[in-house]
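S.K.: Chains as they are written, first to last, in the working numbering: chain A, 2 to 142; chain B, 21 to 199.
Take these hints with a grain of salt, some might be off.
Quick list of in silico lysine-lysine cross-link-like pairs, DSS-like style, CA-CA up to 30 Å [claimed, not checked]:
| id | chain 1 | residue 1 | chain 2 | residue 2 |
| --- | --- | --- | --- | --- |
| 1 | B | K63 | A | K98 |
| 2 | B | K125 | A | K72 |
| 3 | B | K63 | A | K34 |
| 4 | B | K177 | B | K125 |
| 5 | B | K63 | A | K43 |
| 6 | A | K34 | B | K125 |
| 7 | A | K72 | B | K63 |
| 8 | B | K177 | A | K43 |
| 9 | A | K72 | B | K177 |
| 10 | B | K125 | A | K98 |
Simulated restraints, written as ranges between beta carbons of each label pair [claimed, not checked]:
| id | chain 1 | residue 1 | chain 2 | residue 2 | range |
| --- | --- | --- | --- | --- | --- |
| 11 | B | F42 | A | I117 | 21 to 27 Å |
| 12 | A | Y91 | B | I61 | 21 to 27 Å |
| 13 | A | L90 | B | A31 | 35 to 41 Å |
| 14 | A | D24 | B | F37 | 28 to 34 Å |
| 15 | A | N92 | B | D184 | 40 to 46 Å |
| 16 | A | E135 | B | A39 | 38 to 44 Å |
| 17 | B | D62 | A | T99 | 20 to 26 Å |
| 18 | A | K121 | B | A31 | 16 to 22 Å |
The set of hints was computed from the structure by calculation and includes no laboratory data. For each residue, glycine too, the CB sits at the ideal point set by N, CA and C.
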Amino acid sequence: MFVSALLVLALGVGVGVDDFQFDSQTNADRYSKLIEEFRCPKCLNTNLAGSDAPIAQDLRRAVYRLINEGKTDQEIRTYMRERYGDFILYNPRLTPKTVMLWFTPLLLVLVGAWLILRLKDRRSTVTLTTEEAERLRNLTS
Amino acid sequence: MTRRQWRILLACPLLGFLALVFILTIAFDLGRHDIHPSSLIDKPFPDFELPSLRTHETVNLGSLLGEARLINIWASWCIACRSEHGLLQQIAERGDVSIVGVNYKDQRSDAVSWLFELGDPFAMNIFDSEGDLGVDLGVYGAPETFLVDAQGFIRYKRVGPLTDQIWQDEIEPILRSWD
Numbered sequence: 002m003f004v005s006a007l008l009v010l011a012l013g014v015g016v017g018v019d020d021f022q023f024d025s026q027t028n029a030d031r032y033s034k035l036i037e038e039f040r041c042p043k044c045l046n047t048n049l050a051g052s053d054a055p056i057a058q059d060l061r062r063a064v065y066r067l068i069n070e071g072k073t074d075q076e077i078r079t080y081m082r083e084r085y086g087d088f089i090l091y092n093p094r095l096t097p098k099t100v101m102l103w104f105t106p107l108l109l110v111l112v113g114a115w116l117i118l119r120l121k122d123r124r125s126t127v128t129l130t131t132e133e134a135e136r137l138r139n140l141t142s
Numbered sequence: 021m022t023r024r025q026w027r028i029l030l031a032c033p034l035l036g037f038l039a040l041v042f043i044l045t046i047a048f049d050l051g052r053h054d055i056h057p058s059s060l061i062d063k064p065f066p067d068f069e070l071p072s073l074r075t076h077e078t079v080n081l082g083s084l085l086g087e088a089r090l091i092n093i094w095a096s097w098c099i100a101c102r103s104e105h106g107l108l109q110q111i112a113e114r115g116d117v118s119i120v121g122v123n124y125k126d127q128r129s130d131a132v133s134w135l136f137e138l139g140d141p142f143a144m145n146i147f148d149s150e151g152d153l154g155v156d157l158g159v160y161g162a163p164e165t166f167l168v169d170a171q172g173f174i175r176y177k178r179v180g181p182l183t184d185q186i187w188q189d190e191i192e193p194i195l196r197s198w199d
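Please model the complete structure; the sequences and the hints are all you need to start from.
M.R.: So this is what it looks like as structure tokens:
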């Protein structure tokens, strides 16, 4: 049972694995990392590693070729972006267009922290009106 | 904390969620038209070395230079390519611009019989069976069309089939401005 589950898992992971030979383990690792990183241009939400679309196969071959030509990871990212646009990058660059994307979460955390601190402050200085004080006395007596 | 404050605090996640839905709905709609921006505009057409479809002779970037070219990425398996084929024929007959085909990820025999059957508007056809030139051009499907000037710079790119409207409104004005 366990073995067959492993087998299924292994086959599942096998999607998009081409038979490429690398001259070093480093390059093989870089290849795996890069094809995880690029989005398949024709698919809505799949990376190059996970897609069997012909275009994804072509782009994996391009990544393989560029690695063997001695290009750095950054050069390969630039190559892809120049041709397929920011769409292909799952990890968006910091540009005027993506400032909100990068900093909104931080802003929200800060606003939340400020709100909590403010409410906490208030709690210690709650003042009761005379009616409220009366009600409280009645309730607790 | 008063009940009012509690209410405000409890409403925050809901309000945040609604704001997010609102922003994403708008952003998605804005971004829809720009999902594949034409990154290669005003860049030189990539260098390549590929066989021609019919003669098997090697062609390269040099074969394209010297006059304006309408570069059309097509394939016999591409249904949408049929819909723009009539327009390409008209452009070729009028002699508006020289059309160069890039036969993309196709079988040579299928491509040749497709041209035999539907007519051949192409001054030359580059046979890109592996899609390597396609990757260099940022092509993600056929048909796509590039307008390249005589110096080899990409000046216009269209993803999807050409129509009379697109030809008149977008491509012809660029060609006229070069005359």
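S.K.: Mind listing which of the numbered hints don't hold for this structure, in increasing order?
M.R.: 10, 14
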